[in-house]
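J.: Chains as they are written, first to last, in this note's numbering: chain A, 1 to 283; chain B, 284 to 502.
To be clear, the hints were calculated from the coordinates, so they are not data collected in a lab.
A couple of the hints might just be wrong.
Claimed, not checked - No farther apart than 27 Å at their CA atoms in a straight line, the calculated lysine-lysine pairs in the DSSO-like style are these:
#  : chain 1 : residue 1 : chain 2 : residue 2
1  : B       : Lys496    : B       : Lys443
2  : A       : Lys192    : B       : Lys302
3  : A       : Lys161    : B       : Lys370
4  : B       : Lys496    : A       : Lys192
5  : B       : Lys329    : B       : Lys408
6  : B       : Lys302    : B       : Lys408
7  : A       : Lys261    : A       : Lys54
8  : A       : Lys227    : A       : Lys244
9  : B       : Lys335    : B       : Lys401
10 : A       : Lys227    : B       : Lys370
11 : A       : Lys227    : A       : Lys272
12 : A       : Lys161    : B       : Lys329
13 : B       : Lys497    : A       : Lys244
14 : A       : Lys272    : A       : Lys261
15 : A       : Lys192    : B       : Lys329
16 : A       : Lys161    : A       : Lys227
17 : A       : Lys272    : A       : Lys244
Stated by the list, open to error - A few chain B residues facing chain A, derived, Cβ under 10 Å:
#  : residue
18 : Thr292
19 : Met294
20 : Pro295
21 : Gln362
22 : Thr368
23 : Ser371
24 : Lys408
25 : Gly411
26 : Pro432
27 : Ile450
28 : Arg461
29 : Tyr473
30 : Pro475
Even for Gly, the Cβ is constructed at its ideal location relative to N, Cα and C.
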Amino acid sequence: MMKKLLACVLAGTMVVASLTACGSTQSAEGTTEAGSSETAGATEEGSLTLQPGKLMVAAEIGYPPMEYFDEDGATPIGFDMELAQAIADEMGLELEIVDTAWDGIFAGVDADKYDVIMSCVSWTEGRDEEYTLSKPYVANAPVLVVPNDSEIADVADLAGKTVAVQMETTADYIMQEQIAAGVDTDLRQYEKVINAFDEIKAGRVDAVCTDAVVASYYLGDEANNYKTVWQAPDAEPIVMCFKKGNDDLKNAMEEALDAVKASGKLGEIATKYFGSDITADME
Amino acid sequence: MDALNKIITWMPQLLNGTKMTILITILSVAIGLVLSLFLALGKMAKNPLINKPCSAYIFFFRGTPLLMQIYFIYFGLPQFNPALTIKSAFVAAMIAYTLNSAAYLAENIRAGIQSIDKGQYEAAKALGMTYGQTMRHIIIPQTVRRLIPPVGNEFIMVLKDVSLVAIIGLSDLTKVTRAISSSSATALVYIPAMIIYLVITAVFSFIFNRLEKKYSVYE
Numbered sequence: 001m002m003k004k005l006l007a008c009v010l011a012g013t014m015v016v017a018s019l020t021a022c023g024s025t026q027s028a029e030g031t032t033e034a035g036s037s038e039t040a041g042a043t044e045e046g047s048l049t050l051q052p053g054k055l056m057v058a059a060e061i062g063y064p065p066m067e068y069f070d071e072d073g074a075t076p077i078g079f080d081m082e083l084a085q086a087i088a089d090e091m092g093l094e095l096e097i098v099d100t101a102w103d104g105i106f107a108g109v110d111a112d113k114y115d116v117i118m119s120c121v122s123w124t125e126g127r128d129e130e131y132t133l134s135k136p137y138v139a140n141a142p143v144l145v146v147p148n149d150s151e152i153a154d155v156a157d158l159a160g161k162t163v164a165v166q167m168e169t170t171a172d173y174i175m176q177e178q179i180a181a182g183v184d185t186d187l188r189q190y191e192k193v194i195n196a197f198d199e200i201k202a203g204r205v206d207a208v209c210t211d212a213v214v215a216s217y218y219l220g221d222e223a224n225n226y227k228t229v230w231q232a233p234d235a236e237p238i239v240m241c242f243k244k245g246n247d248d249l250k251n252a253m254e255e256a257l258d259a260v261k262a263s264g265k266l267g268e269i270a271t272k273y274f275g276s277d278i279t280a281d282m283e
Numbered sequence: 284m285d286a287l288n289k290i291i292t293w294m295p296q297l298l299n300g301t302k303m304t305i306l307i308t309i310l311s312v313a314i315g316l317v318l319s320l321f322l323a324l325g326k327m328a329k330n331p332l333i334n335k336p337c338s339a340y341i342f343f344f345r346g347t348p349l350l351m352q353i354y355f356i357y358f359g360l361p362q363f364n365p366a367l368t369i370k371s372a373f374v375a376a377m378i379a380y381t382l383n384s385a386a387y388l389a390e391n392i393r394a395g396i397q398s399i400d401k402g403q404y405e406a407a408k409a410l411g412m413t414y415g416q417t418m419r420h421i422i423i424p425q426t427v428r429r430l431i432p433p434v435g436n437e438f439i440m441v442l443k444d445v446s447l448v449a450i451i452g453l454s455d456l457t458k459v460t461r462a463i464s465s466s467s468a469t470a471l472v473y474i475p476a477m478i479i480y481l482v483i484t485a486v487f488s489f490i491f492n493r494l495e496k497k498y499s500v501y502e
C-alpha cells in the first residue's frame with residue numbers, strides 16, 4: 001500500500017515537473033511573440049524579418065508556372081520564386097522558401113511561421129481586411145477552360161454541368177458566388193489544381209475554373225484541345241500577403257519590387273514563365 | 284450562445300458529410316469482409332497458385348499508403364488506359380476502401396482461424412469431414428466471435444481514414460469541417476465535428492460489444 005502511494009506521488013511530481021518545464025519554455029516563446037506582434041513582425045530590433053538576415057517566403061509549391069518544383073523535385077522554381085529571389089537579393093537578405101499547403105497558408109503568416117506569402121495570392125476584399133497586402137505585381141483572373149467541342153460559352157451555361165476547381169482558391173469562391181446567384185452547377189473541389197485538370201482530361205467534369213496564369217501550363221501538350229471561354233469580370237491581381245499591420249516589411253518589399261521592375265528583371269522573369277511581360281502595365 | 288447558433292447553422296452541412304463518411308465506412312468494411320474471407324483462406328491454401336497471389340495482394344494493399352491507392356485508382360488508371368476511367372468519384376472511393384480494408388481484414392481472419400486449437404481440426408478429420416466442411420461447420424463459426432474485436436477496430440480505422448476522400452473531390456465530414464472552418468475563419472466547427480465522430484464511434488462500439496456478447500455463448 002505504502003509503496004503504491006509513494007509511486008503515485010512520484011509519478012505525480014514528475015508530471016507536474018514536466019508540465020512546468022514545458023510551461024516555462026512556452027511562456028518564454030510567448031514573450032518574444034508578444035514583443036514581436038507589437039512591432040508587427042520584427043522579432044529583433046532593427047530586423048524587418050522574423051529571423052535577421054533571412055526572408056522567409058511561403059508558397060504552395062505545386063502551382064506552375066507560379067511556383068513548382070524543378071525536374072529534380074527539390075528546387076522551387078516559377079515566377080513567384082524567382083521574383084522572391086530577386087527581391088531578397090535587392091534587400092540583401094537570404095531567401096528561404098517555406099513549402100506550405102494552401103489550406104492553412106494564411107494561418108501560418110498570422111502565426112509568424114514566415115514573413116510573407118508569395119503564392120499567387122489574389123487581392124480580395126476579405127483578404128485586404130484580414131491581412132496587409134502589397135500592391136499588385138501580376139494581373140490575373142479566373143477563367144473557364146472547356147474542351148473545344150463544348151457547348152459551354154459562358155458561365156451561365158454551366159447549369160446542369162460539372163465544374164472542377166481547387167478548393168479555397170479565388171476560382172472556388174467565384175464559382176460558389178455563381179451558385180449562390182442561381183447557376184445550378186455541380187461544383188467539384190480538389191486539393192491540387194492539377195486534379196481539376198486530371199478530371200477534365202478524363203472527361204469526368206465539363207469545365208475547369210482556374211487562374212488564367214496557370215491554365216495553359218496544365219493543359220500542356222493537350223492545350224490545343226481546350227479553349228478559354230469566360231473570364232471573371234473583376235480581375236483580381238496577384239499580391240504579396242503579410243501579417244496584418246506589418247507595414248514596415250511591406251513597404252521595404254514594395255520598394256525592392258520597384259527596383260526589380262525598374263531594372264527590367266521583373267519583365268524578364270514574366271517573359272520566361274508566361275511567354276510575355278504581363279507585369280508591364282501593373283500599377 | 285452565439286457559438287451555439289453558429290453550430291446549429293452548420294449542422295445540415297456537417298450531417299451531409301457525416302452521411303458520406305458512414306456510407307463509405309459501412310459499405311467498404313462489409314464488402315471488404317466478404318472479400319477478405321476468400322483472401323484469408325487463399326493465403327492459407329497449400330497450392331502456391333492460390334496462396335502466392337493472395338499474399339501478394341495483402342502485401343501490396345497493406346504496404347502502400349491508402350492515400351496513394353485512392354489517388355491511383357481515381358486519377359492514375361485513366362492515364363494508363365482511358366477504358367479504366369471510373370466515372371463516379373464515390374465508386375472509386377468505394378473500390379479503394381474495400382480493396383484496402385479487405386487486405387487488413389484478411390490478416391485478422393487468418394489470425395482468427397489459426398488461433399483455433401489444432402484438436403478441432405483433428406476431431407473433424409476423425410469424424411470424416413472434408414477441409415471445406417471443417418471450415419464451414421467447425422472453424423469459421425468459432426472464429427466469428429474472435430473476429431469481432433479486430434473487425435470493430437478496422438471499422439473505426441476506416442471511419443477516420445474516409446477523411447482522405449477529399450483528394451478526389453468528395454465531401455466527407457472532415458472536408459466539410461475544413462471548408463466551414465476556412466469560410467467562417469474559425470476553428471469552432473472542429474468541436475461539433477469531433478463530437479460527431481465520437482458519437483459514431485460510440486454507437487458502433489456499442490453494437491460490436493453487443494455482438495461480441497451474443498456470440499460469446501458458444502465459448
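J.: Work down the list of hints and note, for each, if the structure agrees.
T.: Okay, the hints, checked on the actual structure:
Proposed proximity of Lys496/B and Lys443/B is supported: the alpha carbons are some 26 Å apart, at most 27 Å. The hinted pair formed by Lys192/A and Lys302/B meets the criterion: a straight-line CA distance of about 25 Å does not exceed 27 Å. Of the supplied pair hints, the one linking Lys161/A and Lys370/B holds, its CA atoms being roughly 14 Å apart against a limit of 27 Å. Between Lys496/B and Lys192/A, the direct Cα distance comes to roughly 46 Å. Violation of the 27 Å bound is thereby established for this hinted pair.
With a C-alpha separation of about 17 Å, the suggested pair Lys329/B and Lys408/B falls inside the 27 Å cut-off, and the hint holds. For the proposed pair Lys302/B and Lys408/B, the alpha carbon gap of about 48 Å is over 27 Å, so the pair is violated. Restraint check: the Cα-Cα separation between Lys261/A and Lys54/A comes to about 22 Å, which is no more than 27 Å; the hinted pair holds. Taking the CA atoms of Lys227/A and Lys244/A, the gap is near 39 Å; set against the 27 Å cutoff, the hint is violated.
Annotation: proposed proximity of Lys335/B to Lys401/B holds, straight-line Cα distance about 24 Å (limit 27 Å). With a C-alpha separation of about 23 Å, the suggested pair Lys227/A and Lys370/B falls inside the 27 Å cut-off, and the hint holds. Between Lys227/A and Lys272/A the alpha-carbon distance is near 23 Å, which keeps this suggested pair within the 27 Å criterion. A distance of roughly 53 Å separates the Cα atoms of Lys161/A and Lys329/B; the hinted pair therefore is violated under the 27 Å criterion.
For the proposed pair Lys497/B and Lys244/A, the alpha carbon gap of about 61 Å is over 27 Å, so the pair is violated. The hinted pair formed by Lys272/A and Lys261/A meets the criterion: a straight-line CA distance of about 15 Å does not exceed 27 Å. A hinted pair counts as satisfied when its Cα atoms are at most 27 Å apart, and Lys192/A with Lys329/B does not qualify at roughly 46 Å. Simply put, Lys161/A and Lys227/A have alpha-carbon atoms about 17 Å apart, close enough for the 27 Å limit, and the pair holds.
With a C-alpha separation of about 32 Å, the suggested pairing of Lys272/A with Lys244/A is violated against the 27 Å cut-off. For Thr292/B, the shortest C-beta to C-beta distance to chain A is roughly 15 Å, which exceeds 10 Å, and the interface hint is violated. This hint is violated: Met294/B has a C-beta 20 Å from the nearest C-beta of chain A, more than the 10 Å allowed. Look at Pro295/B: its Cβ only gets to about 16 Å from chain A, farther than 10 Å, so that hint breaks.
At its closest, the beta carbon of Gln362/B sits 8 Å from a beta carbon of chain A; the interface hint therefore holds under the 10 Å criterion. The interface hint given for Thr368/B is met, as the beta carbon of that residue sits about 5 Å from the closest beta carbon of chain A, less than 10 Å. Hint status for Ser371/B: holds, given a least beta-carbon distance of 8 Å to chain A, under 10 Å. Of the supplied interface hints, the one on Lys408/B is violated, with its beta-carbon coming no nearer than about 52 Å to a beta-carbon of chain A, more than 10 Å.
A hinted interface residue such as Gly411/B counts as satisfied when its beta carbon comes closer than 10 Å to some beta carbon of chain A; here the least separation is about 56 Å, so the hint is violated. A least Cβ separation of about 30 Å between Pro432/B and chain A goes past the 10 Å threshold, and the interface hint is therefore violated. This hint holds: Ile450/B has a C-beta 5 Å from the nearest C-beta of chain A, less than the 10 Å allowed. Interface restraint check for Arg461/B: the shortest CB-CB distance to chain A comes to about 7 Å, inside 10 Å, so the restraint holds.
The restraint placing Tyr473/B at the interface with chain A is violated, with a minimum CB-CB distance near 13 Å, outside the 10 Å limit. A least Cβ separation of about 20 Å between Pro475/B and chain A goes past the 10 Å threshold, and the interface hint is therefore violated.
Comparing the model with each numbered hint stated earlier shows that hints 4, 6, 8, 12, 13, 15, 17, 18, 19, 20, 24, 25, 26, 29, 30 do not hold.
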